[in-house]
Structures are given as structure tokens and as C-alpha cells.
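Chemist: Sequence:
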Amino acid sequence: MHTGSSYVATGPRRISPQLLTFIRNRYGFEELNIYRLCPQCHSVETKMMKKQHEMDKDDMDVSDNELSGNSSMDNEGENDDNEEVDDGSDQNDDDDEPSEDEMLLEATYREEQAMERLSAVFNLLKIKQVHDKLNTRSIRSKIDEVYIYLHGLCDIIEGKSVQANNPNPHELLVQESNDLLTGLKNLFNESDASEQVRLLTIAPKKWGREKIRKCEHQARESLVLRENEGVLAFPQYFKGNTPISNDTITSIINFYREDGTSRVSSSSKDTIQINQNTVPIRYMEMSILDAFRIFDERSPGLVGRTTFYSSRPRDVKILSPHDTFME
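Reminder that position 49 of the sequence shown reads as 45 in our numbering, one-by-one numbering, no gaps.
These are calculated hints, taken from the structure and not from any lab test.
A couple of the hints might just be wrong.
[Said to hold, decoys possible] Listed next, the in silico DSSO-like pairs over lysine-lysine satisfying Cα-Cα at most 30 Å (straight line):
#, residue 1, residue 2
1, K124, K156
2, K122, K138
3, K53, K122
4, K313, K265
5, K138, K156
6, K156, K122
7, K181, K138
8, K124, K138
9, K53, K43
Given the sequences, and given the hints that come with them, work out the whole structure.
Modeler: Given below as C-alpha cells:
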């Protein structure tokens, strides 16, 4: 218990009468009157008290065996004594569970310790202190002042002008900057490949390809785009039409194979081998132009007529060559 300290240890943990009695007997402090201990001392003393009670209980069990020939009245008296010890032990177990008041006191104690440490840092750097712990925004603002001050010291070491390198030019809290970056990362993840290249152009110039890449090709594209066109420029692709996604092709094929668009041949011999699988032949029940019009009504502007025609699966046949069309 803080041996050699010049002051009496106190803390947020309230001690029970049983624990106080144990401490008095253990250390020989008959007139000791304390009501609280620090969490560490409370834990140590409680464990010692439990250990002592267990030893006392073992001694009583030995005594019970030696005196087993005594009268039943004596046994009842001894059992009463044991019950009293057990009750004390149960009480001590209850003491281990902190009450709401104890938890509140411990939280208050931690808050006060945090305020003291922050005040020490502010005082060291000659920054005006904040005494109201509920004014967390002002406290975080002072913490950001510490951050800016330390960056200024680093600039001096590197021989840079303090004015040329403002660590917080937008006057944002660190938490606010983190929130903006989190939102930007979410936007990046939800964007398509072209938009991701565009967003990567706002990355710091010192990062380089290895730092910013999602893939190597994408990182190189963003660096070239920023160098040639500037930040947030739109990438231009000159390799022909934009490729069609696999999902779009699958939608077209499924539409061709729908009942109503085509029908299965009535002859079981009308089959075709596709990827080593035998697939029954289907015949269109309408012209491809009519089929395209229906598909375009379902998915307006998804594909053009030429793409729709060229995506017809091999197992879907046209009944008459007059049903075909040219753009």
C-alpha cells in the first residue's frame, strides 16, 4: 500500500467495512480510517483478504475433523461460525463487482487525470488552457495548436519557412480532416474505373505510384493524367468504343432465350454443341428488330441495335432471313 509514500493513498474505489477491518489487522493500524483506495491497491488488498479467509476456512475444516466426536450442539456452533465466514466471503465477492457509483467515480477520476495531463502539455508549450472539460471542441482545437506548433519546430529543423508550410491551411480539426478523407475513400470505392483514375489525381505529389495505386496500371494512368491535364481532369480513351460489361451481355442472351422471344424446336434432334454441352435449338418468334424494341423498352439506351444483334447466342436461330436488318 504505497510503502514509503509521504501521503495517504486515496482513489475512486470505495472499500467495504470487512476490507477496512482486514487492512487494520494486517498492517496493525488500529485507528486507520480510510474509505477509498486506488484501483490497484483495492485489487491487491481484496485478493489478500480472500486468501486469508480461505486459509481460515481450511483451518476450521481441520478443527472440525479433530473435534468430530464432540456434541451436536458444538457442531452446530461451529457450523454457525463457518456460515458467518462464508457470508463474509460472499460479501467480499459482492464488493468485487463495482457499483454504479464506483464506476462513475472511476470515470470521473480518469477524466480528471486526462485534464491534468493536457493542462501540463498546454502549460509547457505556453498555450492557453481550457478548464471546462465539457467544452471538448475547444480542447481539440488546443490539441491541434500543439500539432501545428510541433510541425513548426520540424520545419525549423528542416530549414523550411514556417509560412511556406502551413500544417492546417483550411483551419480544420484533425477529426474533421479524417472525416473528409473517409468520405473521399468511400467515393473512390463506389466509383467506376475511369472516375477512380480521375480521383487519384488529387493525391499528394510525393506519394508516387506505389503509394496511391489500386493497381499499377491505374496508378500510372492517374500520374500521367495529372501531369498532362491537371487535377481532376477527365481521362480520355481512344481505343474504340467502351467495352460492354459481362452483365449486359448476359442480360441480352437471357432475353433471347426467354419464352415469347424464342421457342424450343419441336424436334429433339435440333441441338447444337456449345462448349462441349448439347443445347437444344431455339427459334425466334419475332423479328430481331421487334425483339430489340422490346429489350430497349426494358433497358433504355443500354445497347445499340448492332450490339444487340451480334450478341444473339448460337442456339437461337432466325426463322426467315428477311427478319434480319441492316443499320
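Chemist: Each hint should be assessed against the structure and marked as holding or not.
Modeler: Consistency of the hints with the structure:
{"no.": "1", "hint": "K124 - K156", "verdict": "27 Å, holds"}
{"no.": "2", "hint": "K122 - K138", "verdict": "11 Å, holds"}
{"no.": "3", "hint": "K53 - K122", "verdict": "60 Å, violated"}
{"no.": "4", "hint": "K313 - K265", "verdict": "15 Å, holds"}
{"no.": "5", "hint": "K138 - K156", "verdict": "24 Å, holds"}
{"no.": "6", "hint": "K156 - K122", "verdict": "23 Å, holds"}
{"no.": "7", "hint": "K181 - K138", "verdict": "28 Å, holds"}
{"no.": "8", "hint": "K124 - K138", "verdict": "8 Å, holds"}
{"no.": "9", "hint": "K53 - K43", "verdict": "15 Å, holds"}
This entry does not satisfy hint 3, going by the numbered hints stated previously; all others are met.
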